[in-house]
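Construct all of the structure, not just a fragment, from the sequences and the given hints.
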Amino acid sequence: MTPSLINLITDFGEDYRAIVKREIFKRNPEARVIDHGKVDEYSVWKTAHILDVAYDRKTVADREIFLCITDPGVGTAREHLVASIGDGCYFVGPNNGIITYLGEEISQAGAINLQKINREKFSNTFHGRDIFGPTAAHLSLGKTIDEVADSIDKERIVLLDAKTPERNGEYIKNSQVRYVDNYGDIIFNVHKIFLEGAEAVHICGKRWPLRATYASVKANNPVALINSTGLLELAINQGNAAAKTLLTEGSIVPIKVL
Amino acid sequence: MTPSLINLITDFGEDYRAIVKREIFKRNPEARVIDHGKVDEYSVWKTAHILDVAYDRKTVADREIFLCITDPGVGTAREHLVASIGDGCYFVGPNNGIITYLGEEISQAGAINLQKINREKFSNTFHGRDIFGPTAAHLSLGKTIDEVADSIDKERIVLLDAKTPERNGEYIKNSQVRYVDNYGDIIFNVHKIFLEGAEAVHICGKRWPLRATYASVKANNPVALINSTGLLELAINQGNAAAKTLLTEGSIVPIKVL
Amino acid sequence: MTPSLINLITDFGEDYRAIVKREIFKRNPEARVIDHGKVDEYSVWKTAHILDVAYDRKTVADREIFLCITDPGVGTAREHLVASIGDGCYFVGPNNGIITYLGEEISQAGAINLQKINREKFSNTFHGRDIFGPTAAHLSLGKTIDEVADSIDKERIVLLDAKTPERNGEYIKNSQVRYVDNYGDIIFNVHKIFLEGAEAVHICGKRWPLRATYASVKANNPVALINSTGLLELAINQGNAAAKTLLTEGSIVPIKVL
Numbered sequence: 102m103t104p105s106l107i108n109l110i111t112d113f114g115e116d117y118r119a120i121v122k123r124e125i126f127k128r129n130p131e132a133r134v135i136d137h138g139k140v141d142e143y144s145v146w147k148t149a150h151i152l153d154v155a156y157d158r159k160t161v162a163d164r165e166i167f168l169c170i171t172d173p174g175v176g177t178a179r180e181h182l183v184a185s186i187g188d189g190c191y192f193v194g195p196n197n198g199i200i201t202y203l204g205e206e207i208s209q210a211g212a213i214n215l216q217k218i219n220r221e222k223f224s225n226t227f228h229g230r231d232i233f234g235p236t237a238a239h240l241s242l243g244k245t246i247d248e249v250a251d252s253i254d255k256e257r258i259v260l261l262d263a264k265t266p267e268r269n270g271e272y273i274k275n276s277q278v279r280y281v282d283n284y285g286d287i288i289f290n291v292h293k294i295f296l297e298g299a300e301a302v303h304i305c306g307k308r309w310p311l312r313a314t315y316a317s318v319k320a321n322n323p324v325a326l327i328n329s330t331g332l333l334e335l336a337i338n339q340g341n342a343a344a345k346t347l348l349t350e351g352s353i354v355p356i357k358v359l
Numbered sequence: 102m103t104p105s106l107i108n109l110i111t112d113f114g115e116d117y118r119a120i121v122k123r124e125i126f127k128r129n130p131e132a133r134v135i136d137h138g139k140v141d142e143y144s145v146w147k148t149a150h151i152l153d154v155a156y157d158r159k160t161v162a163d164r165e166i167f168l169c170i171t172d173p174g175v176g177t178a179r180e181h182l183v184a185s186i187g188d189g190c191y192f193v194g195p196n197n198g199i200i201t202y203l204g205e206e207i208s209q210a211g212a213i214n215l216q217k218i219n220r221e222k223f224s225n226t227f228h229g230r231d232i233f234g235p236t237a238a239h240l241s242l243g244k245t246i247d248e249v250a251d252s253i254d255k256e257r258i259v260l261l262d263a264k265t266p267e268r269n270g271e272y273i274k275n276s277q278v279r280y281v282d283n284y285g286d287i288i289f290n291v292h293k294i295f296l297e298g299a300e301a302v303h304i305c306g307k308r309w310p311l312r313a314t315y316a317s318v319k320a321n322n323p324v325a326l327i328n329s330t331g332l333l334e335l336a337i338n339q340g341n342a343a344a345k346t347l348l349t350e351g352s353i354v355p356i357k358v359l
Numbered sequence: 102m103t104p105s106l107i108n109l110i111t112d113f114g115e116d117y118r119a120i121v122k123r124e125i126f127k128r129n130p131e132a133r134v135i136d137h138g139k140v141d142e143y144s145v146w147k148t149a150h151i152l153d154v155a156y157d158r159k160t161v162a163d164r165e166i167f168l169c170i171t172d173p174g175v176g177t178a179r180e181h182l183v184a185s186i187g188d189g190c191y192f193v194g195p196n197n198g199i200i201t202y203l204g205e206e207i208s209q210a211g212a213i214n215l216q217k218i219n220r221e222k223f224s225n226t227f228h229g230r231d232i233f234g235p236t237a238a239h240l241s242l243g244k245t246i247d248e249v250a251d252s253i254d255k256e257r258i259v260l261l262d263a264k265t266p267e268r269n270g271e272y273i274k275n276s277q278v279r280y281v282d283n284y285g286d287i288i289f290n291v292h293k294i295f296l297e298g299a300e301a302v303h304i305c306g307k308r309w310p311l312r313a314t315y316a317s318v319k320a321n322n323p324v325a326l327i328n329s330t331g332l333l334e335l336a337i338n339q340g341n342a343a344a345k346t347l348l349t350e351g352s353i354v355p356i357k358v359l
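Protein chains in written order, with the numbering used here: chain A, 102 to 359; chain B, 102 to 359; chain C, 102 to 359.
Hints are computed from structural coordinates only; laboratory data are not their basis.
Honestly, I wouldn't trust all of these hints.
[As the list claims (entries may be wrong)] The calculated label-pair distances, taken between Cβ atoms and stated as ranges, are:
id, chain 1, residue 1, chain 2, residue 2, range
1, A, 293, C, 347, 42 to 50 Å
2, C, 307, B, 353, 30 to 38 Å
3, A, 216, B, 209, 36 to 44 Å
4, C, 321, B, 353, 21 to 29 Å
5, C, 189, A, 144, 43 to 51 Å
6, A, 344, B, 114, 17 to 25 Å
7, C, 268, B, 131, 46 to 54 Å
8, C, 319, B, 209, 31 to 39 Å
9, A, 294, C, 245, 39 to 47 Å
10, C, 216, A, 223, 48 to 56 Å
[To be verified] Distance condition first, Cα-Cα at most 27 Å in a straight line; then the derived DSSO-like pairs of lysine-lysine:
id, chain 1, residue 1, chain 2, residue 2
11, A, 319, C, 139
12, A, 139, B, 345
13, A, 139, B, 139
Since this is a predicted model, take the numbers as computed values, not measurements.
Where a beta carbon is used, it is the ideal one built from N, C-alpha and C, also for glycine.
Here is the structure:
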């Protein structure tokens with residue numbers, strides 16, 4: 102038997118996350134909920150990035166569920182999405198773009214059917230508790246998409262307009278900050294294939310030598326790395342690169358490859 | 102078999118919460134601890150509100166335990182309270198008012214007996230580790246109040262002096278902010294029965310139209326809703342209502358119903 | 102059967118901690134991970150203190166694992182340490198000094214062998230995911246140090262240069278702040294044996310009466326206590342002692358015993 106893990110990725114505070122977890126444990130006391138922390142409030146983009154990192158094609162286990170709820174449109178007509186991704190995993194969350202980076206992994210999509218999950222009564226403001234949490238619990242117990250949802254066309258899935266970087270001679274354009282982590286490390290949308298053979302990158306008027314480890318440079322010095330998911334990352338060894346550069350999620354800055 | 106969930110509601114940082122969880126898991130490796138996050142330090146009032154939201158009469162499961170430890174009086178003579186609430190649930194925590202909003206649900210009360218829980222040695226500063234956590238673990242294993250505590254009169258339970266709102270023509274008085282959540286949404290002590298037929302509320306010189314969803318108004322516009330537990334909530338769609346109005350927990354402001 | 106608890110102590114944000122937990126649950130769905138929260142980024146010293154508090158000789162259970170990852174040198178030549186501590190417990194983490202305060206508890210030490218844990222491929226920046234998490238999972242399943250690591254000499258274990266306080270008449274020198282908690286309480290490296298018979302301590306120009314509980318003094322008044330692990334702690338009842346004194350981890354201040 103493979104584990105049935107539920108990854109919770111949301112902008113809820115811990116108080117609201119606890120309520121969602123209770124709805125899961127009540128239905129499946131054996132569920133394992135992995136809490137990925139609080140995304141910035143209302144940021145569908147960051148939630149999409151965290152999901153992309155969490156859903157690592159190489160390390161994901163069978164039947165993992167990704168319960169993703171950043172939902173400023175809660176209560177409006179946007180659909181309650183469930184989708185099968187990769188090899189036996191599931192996405193559950195609002196149909197508002199969170200699934201963007203996993204779009205190519207989707208094999209089946211459905212709109213949650215509230216009768217099928219016995220939730221005909223629900224609030225307008227807390228679908229994590231009333232709809233998405235219970236649906237994730239049902240999937241963790243072995244139900245299929247057809248047992249919790251009505252099939253919809255994959256074209257109905259909302260995707261965000263994510264930038265695609267392009268190499269242009271020694272420059273990369275459309276290079277965009279996807280995420281700033283708790284160390285102030287800055288992760289770009291630039292995959293390592295754009296940087297083959299490079300010695301450094303030039304960003305924000307500063308040279309960032311491309312190295313294998315943070316500690317390859319002295320403390321408080323800039324360094325560029327290929328991060329643990331294959332993307333370009335800027336860091337200050339033992340410091341905070343985001344605070345130094347003022348780069349933040351969404352920033353688009355050209356990169357010169359040296 | 103119904104799940105035995107332990108809800109942890111406390112002002113402890115994660116480091117101290119971890120120690121409490123270990124005392125639980127050591128005694129009951131099958132326990133499910135749901136961590137409701139960190140309440141503001143020393144705030145018995147906010148802890149009481151979080152407990153009230155977590156203990157939802159409609160969604161609570163059998164044998165859920167509410168381990169609630171915000172305890173500026175730790176080590177003093179205040180009692181170590183255990184109480185049975187609702188239909189088979191338990192409260193464990195200091196007898197300092199946290200249980201206020203659930204007062205009517207209490208059917209039996211006891212003062213923890215340290216001999217019964219084998220904790221005759223304990224510190225003066227960390228009863229979460231030494232007394233309350235172990236007691237919650239014993240209850241999760243099926244022990245009764247009589248097996249961990251000595252019966253006390255319900256009148257000995259300390260209750261806070263919570264305001265009760267009153268409708269007075271088109272005004273509501275004694276309306277008080279009970280909680281500000283991580284979105285800056287402001288939750289009042291005003292139940293939806295006070296707002297039947299209303300189109301909007303007037304608070305802090307601003308009109309808040311009463312709608313079903315946050316997204317019923319444009320981004321950065323004010324909106325009032327009945328929240329997921331039936332209370333009046335003020336929000337700024339995709340913004341922060343508390344930052345705009347400077348309202349905070351405990352604020353008492355009259356409400357005009359429009 | 103005793104529980105197999107994995108204590109996670111790290112400076113990772115919740116997003117990275119979630120990835121580590123997944124690596125554990127994939128290998129051992131029955132593991133219990135106790136998350137001790139986020140240590141300040143890069144602070145090996147604070148991680149060492151949190152470990153010392155978490156590993157309480159009196160309350161620790163059998164086969165507990167302490168997975169400790171604050172690792173500014175990730176990817177460099179520093180070893181991947183595993184050590185058996187106390188009576189059947191384990192430490193897993195970088196060999197960079199985190200284990201300092203438990204040095205005397207170590208009975209066997211090893212350098213993780215990547216072949217033995219089937220992790221011959223790994224990143225340079227996320228050994229929590231690739232090496233330490235999987236090793237902790239193997240130990241939680243009952244593997245021994247020899248099955249995951251190659252023995253090394255205990256002398257190879259890196260220890261921090263921790264101050265040792267000394268009583269000198271009515272003064273204590275080398276007294277150092279080890280930790281400031283979320284209440285602003287200040288914990289020193291001074292054990293209670295240095296304070297036998299004392300009525301108060303004089304620190305930072307202020308007299309701190311030595312009492313049994315926070316509430317032994319009025320709100321907002323200073324108080325000194327022996328904390329729940331036997332160390333000197335300064336507090337302001339219902340206030341924040343660190344904010345008042347500006348003391349922080351690492352501060353060295355003489356103490357006058359009164």
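Now the hints, each set against the structure:
Between residue 293 of chain A and residue 347 of chain C the beta carbon distance is about 45 Å. The supplied range of 42 to 50 Å therefore holds. Hint check: residue 307 of chain C to residue 353 of chain B, Cβ distance near 36 Å, so the stated range 30 to 38 Å holds. One distance hint, 36 to 44 Å for the beta-carbon pair residue 216 of chain A and residue 209 of chain B, holds here, with the actual separation near 39 Å. In this structure the hint that residue 321 of chain C and residue 353 of chain B lie 21 to 29 Å apart at CB holds, the actual value being about 24 Å.
In this structure, residue 189 of chain C and residue 144 of chain A meet the distance hint of 43 to 51 Å, their C-beta atoms being roughly 45 Å apart. In this structure the supplied range 17 to 25 Å holds for residue 344 of chain A paired with residue 114 of chain B, their Cβ-Cβ distance being about 24 Å. Against the hinted window of 46 to 54 Å, the Cβ-Cβ separation of residue 268 of chain C and residue 131 of chain B comes to about 47 Å, which satisfies the hint. Roughly 35 Å separates the CB atoms of residue 319 of chain C and residue 209 of chain B, a value that falls within the hinted 31 to 39 Å.
About 42 Å separates the C-beta atoms of residue 294 of chain A and residue 245 of chain C, a value consistent with the hinted range of 39 to 47 Å. As the Cβ distance of residue 216 of chain C to residue 223 of chain A is approximately 52 Å, the hint placing it in 48 to 56 Å holds. For the hint pairing residue 319 of chain A with residue 139 of chain C, the CA-to-CA distance comes to about 24 Å; that is within 27 Å, so the pair holds. Pair hint residue 139 of chain A plus residue 345 of chain B holds up; C-alpha atoms about 22 Å apart against a cutoff of 27 Å.
Distance hint between residue 139 of chain A and residue 139 of chain B is fulfilled; the C-alpha atoms sit about 13 Å from each other, no more than 27 Å.
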